[in-house]
Structures are given as C-alpha cells and as structure tokens.
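Make a model of the complete structure from these sequences and hints.
Residue numbers (UniProt numbering): 1 to 401.
These are computed hints drawn from the structure, not numbers from a lab.
Worth double-checking, as some hints may not be accurate.
What the hints assert, rightly or not - Pairs of lysine to aspartate or glutamate, EDC-like flavour, derived with a Cα cap of 20 Å:
hint, residue 1, residue 2
1, LYS172, ASP47
2, LYS172, GLU43
3, LYS395, ASP47
4, LYS45, ASP250
5, LYS45, GLU216
6, LYS395, GLU216
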Amino acid sequence: MITLSEINLTDIKRSQKKKGIILSFLFFIHGMAYASIVPWFPEIKSDFELSNYRVGIMVSAIPAGSITFGLLSKRFIDFIGLYWATNITFLLLITCISIVPFSSSWHGITLALFLFGIFDSWGDTCINVQAIRVQNSCGRSLINRFHGIGSIGTIFGGGIAVFAISIGLSIKQFSLTVFCGNLFLLMLFIVIFRDKNRQRKIFTCEKNKPSQHYSENQLYLIALILLTFTCGIEETASIWGAIYMTDYYDVSPVLSGLPYLSCQIFMVVGRIFGDHFTNNFGRITTLRCGAITAAMGVFVIMSINSPILTVLGFALIGLGISVVFPLTISFIGQLPNINATNGITFATWTSRVGLLLTPPLLGMLADMTSLRIAFITIFIGCLFILLLINILSKKLIQLER
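As structure tokens, then:
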C-alpha cells in the first residue's frame, strides 16, 4: 500500500525534475544567444574597418549595459512578476543580439550589444538563484552541471555559426534563422511552464537575516573580486580567439573559430565533471586546479608559435576557468547571513566589471604592442585568481575556528 509520505516524496522528486528542466532550458538559451554572433567578429571587424581597440569597446558594451541597468532587474521582477519578467527578458535578449548584423554602423552594433547586456544580466541572476536552490535541496554540488548546459548551448551557437560561415550564409540570413530557433524554444518554455505561481515559488528567495558578520562580509568581498577577474578571463577566447588566429596564422574564417569552440567544449567537460571533483576533493582544491590549468593555457598561447597548440591553449583556459564562476556563485549563495537573491544579484552585476574593463584594455595594449604580448595580462589575472583562492581558503579556516 502506498503511503502519504511516499506520494509526497514522489511529488517532490517530480517537482525537482521540472525545476531542473526549466533551468537547463534557460541556461541553454542564455548560452546560445551570444555565442551565435562570436565567430562573425572578424567579419564585422573587417566590414567596418575597426581597430582592436574599437572591437574591445564594442564588445565591452555588453558588460556596460549590465553594470548600468543590471540592478534594476529586481524592481522589474517585483513589478510584473518573475514568470513574465523572465519571458520578456529572454525575448528582448534574443532580439537585441539578432539585430546586430542589421546595424549600419559601429555605433549601432555597440548600442545593440549594450541593450543585450542589460537583459543578459537580468536573466543571469534568475537562473543562478534557482540553481543554488535546487543544489541546496539535493545536498550536493550541482551548479557546475547547470552551467555546463549553458556551455553546451554556447558550443551549439558557435558551432552553427562556424557551419554557416563554411557554407556561405550571410550574417543576416544566419541571424534571422537563429532568432527563429531561439524564439521557438522560448515559446515552448512559455507554454509548458506558464503557471505563474509555480514560477514565483521556483525563482524567489527567502528574506535575509538581519545581521551580517564582518568575517562573512570579507569572504563576500573576496568572492566579488574573484568573479570580476574570472569573467574577464572567461571571455578571452570569445573575443580574441578568432582575431588571434587570423592575425598570427592567417587561417580561414572557419578555422579562426576553433579557439572559441575548443574553449567552450573543454568548459563543458570541466563543468560536467566539476561537481564530481568538488564533491570528492572540496571546493578550494577544485578552484586551485582550475586557476593553475587556465594559467598553463595562457602560457602555451604566448610561448609557442603553433596554431594547433594555440587552440590547445584556449582549450586549457576553458577547462580551468570553467569551475571558478559556478563555484564562486555557489559559495556566495550559501553564505549563512547574506540573502542568496541579493547576494547573487549584486555578484553577477559586479562580475560584469571584468567584462567591461578587460576587452578595451587588452585591445589598447595589443594596438600599442601586439596581441600576444597583451595576453600577459590574462596570465597575470590567472595567477591573481589563484592568490585570491588561497586567501579565501585561509579566511574560511579562520571562520571555522
């Protein structure tokens, strides 16, 4: 005879499965949208005759939008509810990225990417808060897997872009096709999960406790700095990979996208297995290994003049840096006296600083010297992340005493 507790347990498992489906779906769309435009950057640079510095400014419009209006996401959600806020946000997100090819000037592209950055940050906060809630309900690390789904979406978006280039599709034709595909996926989400109350329950978080310990504020501050540097390094392959291959090895447009794809493929591998590594060896050990691996990848790119090893170097960057952002977000969401929603909202907003500053600084340094020499700053960033992880470890030990 089936007991009431068994029925409740079945309902809970079914509910958790639906939450996982929703999150996986949104992470996939979130990863795919931006990735579909990245392999076209060399063509955009060539068509508009842009310098490396102007390319950096153009791409940094994304974090600029996130930083300028990212914190307004909470008011938007409170005004119309999270279910509709999520739907509208993702609709505007895929629209903004799709109008980039139809812009007639560098200023138009920059504006479209600025608007994309706003809605990218709003969606990012929602899915990360929910990922923490699902993880906490299961009692084990799952955050890397959710981000792995997003990376799979990124690979898919980048892959179909490279394929479109290889068969001779124009960027406008490709953009319209991707928009229709993303719109179809979003409509499925709207139809299947249209229960507004369920969405509120899934995505909202409890109020924070009134007191915050000084030591926990220190941990939070260190984590914010860690995220800032991580985001700057994460986008290295997407922004500079294709340009690096074109400038140094004069490869075809199809091959120029390999650094980005290799980075994303190994990022998926790192995130799929990152939870297993974290559950067995601990968060700090996993973070240290990730930072060291990323630094090794940058060193290979700078020191060895080979297109094959350059692709391998970008792959190592993706493998190493893949676990840093999810585990740091997870750490922030689990700080006992810091509200998860507010903490993650501000964390994802702050992380855009790295995306805002890194591209133009790296581009300016590349124009002054060379792109290879400019990569020294990425190498130093990896070492600084390792330093912050060690400081974080010491603070945690002090807190536990």
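Status of each hint after checking the structure:
| no. | hint | in the structure |
| --- | --- | --- |
| 1 | LYS172 <-> ASP47 | 13 Å, holds |
| 2 | LYS172 <-> GLU43 | 12 Å, holds |
| 3 | LYS395 <-> ASP47 | 50 Å, violated |
| 4 | LYS45 <-> ASP250 | 15 Å, holds |
| 5 | LYS45 <-> GLU216 | 45 Å, violated |
| 6 | LYS395 <-> GLU216 | 9 Å, holds |
Of the numbered hints given earlier, the model fails hints 3 and 5; all others are met.
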